[in-house]
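S.K.: Listed below, chain by chain, are the residues.
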Amino acid sequence: DIQMTQSPASLSASLGETVTIECRASEDIYNGLAWYQQKPGKSPQLLIYNANSLHTGVPSRFSGSGSGTQYSLKINSLQSEDVASYFCQQYYDYPFTFGSGTKLEIK
Amino acid sequence: EIQLQESGPGLVKPSQSLSLTCSVTGYTITSGYDWSWIRKFPGNKMEWMGYISYSGSTNYNPSLKSRISITRDTSKNQFFLQLNSVTTEDTATYYCARQAYYFDYWGQGVMVTVSS
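Which chain is which? The protein sequence lines are A and B, in order.
Heads up, the first sequence is in this note's numbering, so the first residue is 1 and it goes up one at a time.
Heads up, the second sequence is in this note's numbering, so the first residue is 1001 and it goes up one at a time.
Hints listed in this document are in silico derivations from the structure and should not be mistaken for laboratory results.
Certain hints may be false.
With a cut-off of at most 20 Å between alpha-carbon atoms, the simulated PhoX-like pairs for lysine-lysine come out as follows [said to hold, decoys possible]:
no.	chain 1	residue 1	chain 2	residue 2
1	B	K1045	A	K103
2	A	K107	A	K74
3	A	K39	A	K107
4	A	K74	A	K103
5	A	K103	A	K42
6	A	K103	A	K39
7	A	K42	B	K1045
8	B	K1045	A	K39
9	A	K39	A	K74
Now the in silico label distances, taken between C-beta atoms and shown as ranges [unchecked claim]:
no.	chain 1	residue 1	chain 2	residue 2	range
10	B	S1023	A	G41	19 to 29 Å
11	A	A9	B	S1075	37 to 47 Å
12	A	E81	B	S1055	16 to 26 Å
13	A	G68	B	P1009	37 to 47 Å
14	A	R61	B	S1019	35 to 45 Å
Covered by chain B, per the in silico footprint, the following chain A stretches (three or more residues, Cβ under 8 Å) [claimed, not checked]:
no.	segment
15	30-43
16	87-99
It should be emphasised that the depicted structure is a prediction, and the values quoted were computed from it without experimental measurement.
Think of the CB as a built atom: it goes at the ideal place given N, C-alpha and C, for glycine as much as any other residue.
Assemble the whole structure, with the sequences as input and the hints as a guide.
M.R.: Okay, here's the thing in structure tokens:
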């Protein structure tokens, strides 16, 4: 299985700041990567697919980048509604696997 | 609007079978895509369990292959999860989702506890 190592596990930032979350795959996943946001008590919501494509309706302050084994999610101009957990998922190969998640809080 | 909704018992005894239903509205499951089950364990680890495709074929996580079955009822636009011989380690929140490699629509999730 492809292992997804996500960092940091938690993150505290101020409103308006830019934050970056990273995922490293145990092998090249050729941009087969998605990012999700999950708020407490809610289901995950797709943010980014194909490593850098913004899902419909997702604010443009979210962006994804990376290639090979290294990928990142950047949130510009942090808003209060961005408080959530974020996790990555590789879909280059079965079984699909997920990162361990990053909990984002407002400082 | 596409919506998925899980249903099923919230408590299952060890060694028994876990059975969940995912009801889909706003999209016909035979029209396209794969239809997956995913679970999130206490501690937040997530595991893709498997899918049933629009054509009815299935693909399971090898870690579960001997215990899992995903089936469907096309007349009700539902698909199902059965997980046999459960243990306390199967305690998790179970989600159904539409899969286009990534998961673009998710159900709200159902928490299942395995306990005697």
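S.K.: Using the C-beta atoms of A:R61 and B:S1019, is the stated range 35 to 45 Å upheld?
M.R.: holds (41 Å)
S.K.: Given the range 37 to 47 Å, decide if the beta-carbon distance of A:G68 to B:P1009 lies inside it.
M.R.: holds (44 Å)
S.K.: Within 20 Å, alpha carbon to alpha carbon, are A:K103 and A:K39?
M.R.: Holds, at about 10 Å.
S.K.: Take the C-beta atom of A:E81 and the C-beta atom of B:S1055, compute their distance, and say whether it sits inside 16 to 26 Å.
M.R.: Because 39 Å falls outside the window, the suggested range is violated.
S.K.: Straight-line Cα separation of B:K1045 and A:K103 no greater than 20 Å?
M.R.: holds (13 Å)
S.K.: So does B:S1023 sit 19 to 29 Å from A:G41, Cβ to Cβ?
M.R.: The hinted range 19 to 29 Å holds for B:S1023 and A:G41, with Cβ atoms some 20 Å apart.
S.K.: For the pair supplied as a hint, A:K74 and A:K103, confirm whether the alpha-carbon distance does not exceed 20 Å.
M.R.: Satisfied, since the Cα-Cα distance of roughly 14 Å is no more than 20 Å.
S.K.: Quick check: do three or more residues in the segment 87-99 of chain A have a beta carbon closer than 8 Å to a beta carbon of chain B?
M.R.: holds (count 8)
S.K.: Using C-beta distances, would you say chain B covers the segment 30-43 of chain A, given that this needs three or more residues below 8 Å?
M.R.: It holds: at least three residues are needed, and the segment 30-43 of chain A offers 5 whose Cβ sits within less than 8 Å of chain B.
S.K.: Indicate whether the distance between the beta carbons of A:A9 and B:S1075 respects the range 37 to 47 Å.
M.R.: Once the Cβ atoms are compared, 45 Å apart, the range 37 to 47 Å for B:S1075 and A:A9 holds.
S.K.: When you check the alpha-carbon spacing of B:K1045 and A:K39, does it fall within 20 Å?
M.R.: With Cα atoms ~15 Å apart, B:K1045 and A:K39 stay inside 20 Å; holds.
S.K.: CA of A:K107 to CA of A:K74, is that 20 Å or under?
M.R.: holds (17 Å)
The structure does not agree with numbered hint 12 stated previously, though it agrees with all others.
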